[in-house]
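**Q** Each chain is listed here by its residues.
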Amino acid sequence: MFELDTRSRKPIYEQLVEKLKELIMNEVLKPDEQLPSVRMLAQQLTINPNTIQKAYRELENQGFIYSQKGKGSFVNPSEESKDSEKISAVKGELDRLILEALYLGITVEELIQLVKDKDASKRGGAKGD
Amino acid sequence: MIEVQKVSKVFDRYEALQEAQMTIQKGSIYGLIGSNGAGKTTLIKLVAGIYQPDLGRVTIDGHDNFENTKLKQRMFYIPDHPYFLTHYTTKQMAQFYRSIYPNWSQDRYETLVTSFKVNVKKKIHTFSKGWQRQIAFILALATRPEILILDEPLDGLDAVVRKKVKNLLIQDVAEREMTILISSHNLRELEDICDHIGIIHQGKILIEKELDELKSDIHKVQVAYKGEVPEHVIRKLSVLHTEKRGSVFLCIVKGKEEEISELILNTNPVIFDLLPLTLEEIFIYEMGDNGYAIENIMVE
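Line order of the protein sequences matches chains A and B. Number 99 in the working numbering belongs to position 99 of the first sequence; there are no gaps in the numbering. Number 1201 in the working numbering belongs to position 201 of the second sequence; there are no gaps in the numbering.
Calculated from the structure, these hints are not laboratory results.
In silico negatives: residues of chain B with every beta carbon more than 12 Å from chain A: (1) Y1088; (2) Q1095; (3) V1113; (4) Q1132; (5) E1152; (6) D1155; (7) H1185; (8) E1231; (9) K1244; (10) K1254; (11) M1298.
Straight line, CA to CA, 27 Å or less: simulated DSSO-like cross-link-like pairs of lysine-lysine: (12) K91(A) / K1220(B); (13) K1220(B) / K10(A); (14) K1220(B) / K54(A); (15) K1026(B) / K71(A); (16) K1256(B) / K54(A); (17) K10(A) / K1244(B); (18) K1166(B) / K19(A); (19) K1164(B) / K19(A); (20) K54(A) / K1166(B); (21) K1164(B) / K10(A); (22) K1122(B) / K1166(B); (23) K1254(B) / K54(A); (24) K1236(B) / K10(A); (25) K1209(B) / K19(A); (26) K54(A) / K1164(B); (27) K1256(B) / K10(A); (28) K10(A) / K1166(B); (29) K1256(B) / K86(A); (30) K91(A) / K1256(B); (31) K10(A) / K1163(B); (32) K1163(B) / K54(A); (33) K1244(B) / K1256(B); (34) K54(A) / K1026(B); (35) K71(A) / K54(A); (36) K1026(B) / K10(A); (37) K1163(B) / K19(A).
Where is the CB? At the ideal position from N, CA and C, for every residue including glycine.
When you get a sec, could you build the whole thing from the sequences and use the hints?
**A** Structure below.
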């Protein structure tokens, strides 16, 4: 299903949470689809089942999946958690880019103007449709 | 659950363990790491019920384990040099274990010897080191132990066999909630399968933590400034180690990722990177903090 990078510095548990989120956000794992069982995934990836259990618990806490007793874990159809996740990812990206822009000597005013232009063109585009 | 409670062990005035504390939950894979001569094997032999503690107790599910046959039927220990009865073949060893382990599974044994392609009629001592180790694993897994104790287990196995063995171990943890205590010098090897880590040094357990927690508590920070380095800020952090590479500062810092980031970002660095550490690095810096630092020795 996917591979983890056991050579990476990132804890396996974090990698697992991120990978699964990615699959859910891109709808590779569809709403209400069953996730592979802990046992199966552990064997496939050769990683500790307790780590997988922990990742599933974390995903459940964050609202990405829900579990049914005796049946397993399923993808949560609710959009809410996915959106907030995407928003924070985009914000992080922007943060980095803005900092870089500032170091390159782009002024705050220029940046604000850029944002305003984009916003205006988006509105204009929406009207034109 | 395995509990090592304030255990001390002395060999001829040499204190191998001093009030060592360790707890291993059922179904957990516990990695024991330590410097050479730190007491790893002594601790493992205490858990295996081979040594008797001089002080303190070692219990498994609340029962003392020393010479406890009932408990030992539920556990298997593979020492750093696997032991087989002299001149025995794999088949004879299997018969021997079948007679003492009530959970022995002949099906499992046969599946495993077929899959590892072991000639069961050959005397074990004529096999290479790596093969002897594979045979030890086959026999261990065929006893279907609740607790598996492994001292340097993957030493001398090639990459394919290592993966195969790890996969078998993980199956047993996932399906039967087998508990594994594993010691190794190869920290990479432990990193992908353990959930708990104990670091032992000079007979004491320095740290015992969940691996993810251990990793999220210590970071490598790379930071550079245009002007002066704001040392008063750096001093506020719990720094284990600093290094200067050109104009870039490299520190190993303990603490929460968010708090460290916030503090450093407020000082307007030009470059700022925060990376998790590998288990190997954690080990090196934690040991350095305890007076076991790396010294680069110059030889002529």
